[in-house]
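Peer 1: Residue numbering for the sequence shown follows our numbering, starting at 507 and increasing by one per position.
Treat each hint with caution, since some may be false.
What the hints assert, rightly or not - FRET-style restraints, in silico, Cβ to Cβ:
1. Trp626 <-> Arg744: 48 to 58 Å
2. Lys574 <-> Leu706: 28 to 38 Å
3. Ser631 <-> Arg552: 27 to 37 Å
4. Arg624 <-> Gly816: 18 to 28 Å
5. Gly653 <-> Arg680: 48 to 58 Å
6. Asn768 <-> Glu707: 17 to 27 Å
7. Glu738 <-> Arg880: 16 to 26 Å
8. Lys544 <-> Ala633: 25 to 35 Å
9. Glu564 <-> Gly851: 26 to 36 Å
10. Gly628 <-> Gln875: 52 to 62 Å
11. Glu739 <-> Arg537: 36 to 46 Å
12. Arg537 <-> Ala563: 20 to 30 Å
13. Gly628 <-> Leu601: 43 to 53 Å
Keep in mind the hints are simulated off the structure, nothing from the lab.
Note that beta-carbon positions come from the ideal geometry of N, C-alpha and C, so glycine has one too.
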Amino acid sequence: MSRSVFVTGFGIISALGCGVESNFSSLVAERSGIGQAKYVKTSLDRYPFAEVPFSSAELAAKVGLEMKPFYSRTFLLGLLAVKEALQMSGCEPYLSSMGFIGSTTVAGMDLTEPCYSRLWAGDTSLAHLVDSMDCSDACNRIASMLGIRSHVANISTACSSSANAIMLGARLIRAGMVDRVFVGGMDSLARFSINGFNSLEILSPTGCHPFDHNRDGVTIAEGAAFLVLEAEEVVGQRPVYGEIKGYANANSAYHQTASSPNGEGAVAVIQAALKKAAFQPSEIDYINAHGTGTKNNDISEGRAMATVFGDAIPPFSSTKGYTGHTLAAAGAVEAIVSLLTINHGMIFPNLRFETPMEELPIRPVTSLQKAEIRNVLSNSFGFGGADTSLVISKV
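Please take these sequences and the hints and turn them into a complete structure.
Peer 2: As C-alpha cells, then:
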C-alpha cells in the first residue's frame, strides 16, 4: 500500500519569534535571531546563541498553562509548535488512526542541570522531578494532550532527529498504519549541549556564516517545529501546503562527530531520497542545506552536492544564519522553511556569506530571490554519521 503524504499544517517557534508569521517576516527581512542569550545561564556567554526570546513562564502562558516545576522548556517549545500546526491544519482534533513522532536531543536538561547541582550539594528537593527529565517526557506529554495513545515515538539521532521523524511519519501513512501523524522536533538551550560543542572547539565567536571560506563554527540554538502529515483521503477540502515525496537516511560510519571529507554519507541519502521521489537531480529547484558553518560540515556537504548535481547544483542556502542550529528541531525547522519557499515562491538567503571556499568555490544564494519552486531537497546531517534527506514538493 502506498499513499500520498500531504502537509496540512505546521507550527514553529525559534529565535526569530513565535509562530509561522513571525518567522516568515524575519526570513523576508533577512533578520537574524542570533545574539546574546538571556535565559540560559552559561560561563560561555561570550559566544552568541539563537535563543527563543521568551522565558519559560511566558511560554507556558502562551499555551494557556500555569507554569509547573515539571514543565521543561523543551516541552513548552514543542507544545507551542504543535498547537499552531493543529490550528493551521483545521483538522478535527481526534481521529481514530493518528500518530505522534517527536524528537529531541537535550529533552528536560534545563531541569536536570539544577537538580544535579543541588543533589551534588546534598539537596534532594528537586529529585521528584526526575520523570520530567526523561528523553521521552515532552513527546509523551504532548501526545497524551492530543489524545494519541498509539504510534507514539521519540527519535534522537542528533541533528537529523526531526528529519527522521518526518520520514517515519510519512512511512507510517504510506504503509496504511495511520491516517494522520504529527511529526517534528524540539530542543532548548542547555549548558550540557553548549559545553559539549565547546569541547569540540566548534562554537562560532561571531555567529555562523555557512559555506564561507572564513567560517568559524556553529551557533547553537533552541526552538521547535512540527508538521501535520495526512493521507490524501482524509484531507477533504482543507488546504494542502506540500507533499513529502522522498526521503532517505543512512549512516556514513566515518566518525562520531565529523563528516567524511567527500561526503559519502550525504551522497548516499541525497541519491536515495531522489530515487524514492522518482526524481532526476535536475528536477530539484532549491536545496535547503544543512550548512552548519563548521569547516568540516560545509566542505563535506558541498562536495556531496557537487557529486550528485555536477556542475548544475541548484540554488542553495543554509538558513542557520537566521535560526542558529536548533539541533533535534533543525530538520523540521528547515522543512517548514522549505514549505515557505514553495508556497511563497521565495528563496531565503545564506546570511553572512562573503568569500567562497577555496577547496570548492560554490556560491549559495545571498539575497532574497523570487522563484518558481516546485521541488526542494532538505538536508540534515547528524553527529555519528546520521544523515537524512527529504524531498518536499508543491501540490
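Peer 1: Look at each hint and say if it fits the structure.
Peer 2: To see whether the hints hold, each was checked on the structure:
no., hint, verdict
1, Trp626 <-> Arg744: 48 to 58 Å, "52 Å, holds"
2, Lys574 <-> Leu706: 28 to 38 Å, "35 Å, holds"
3, Ser631 <-> Arg552: 27 to 37 Å, "32 Å, holds"
4, Arg624 <-> Gly816: 18 to 28 Å, "57 Å, violated"
5, Gly653 <-> Arg680: 48 to 58 Å, "23 Å, violated"
6, Asn768 <-> Glu707: 17 to 27 Å, "23 Å, holds"
7, Glu738 <-> Arg880: 16 to 26 Å, "18 Å, holds"
8, Lys544 <-> Ala633: 25 to 35 Å, "28 Å, holds"
9, Glu564 <-> Gly851: 26 to 36 Å, "34 Å, holds"
10, Gly628 <-> Gln875: 52 to 62 Å, "59 Å, holds"
11, Glu739 <-> Arg537: 36 to 46 Å, "40 Å, holds"
12, Arg537 <-> Ala563: 20 to 30 Å, "26 Å, holds"
13, Gly628 <-> Leu601: 43 to 53 Å, "50 Å, holds"
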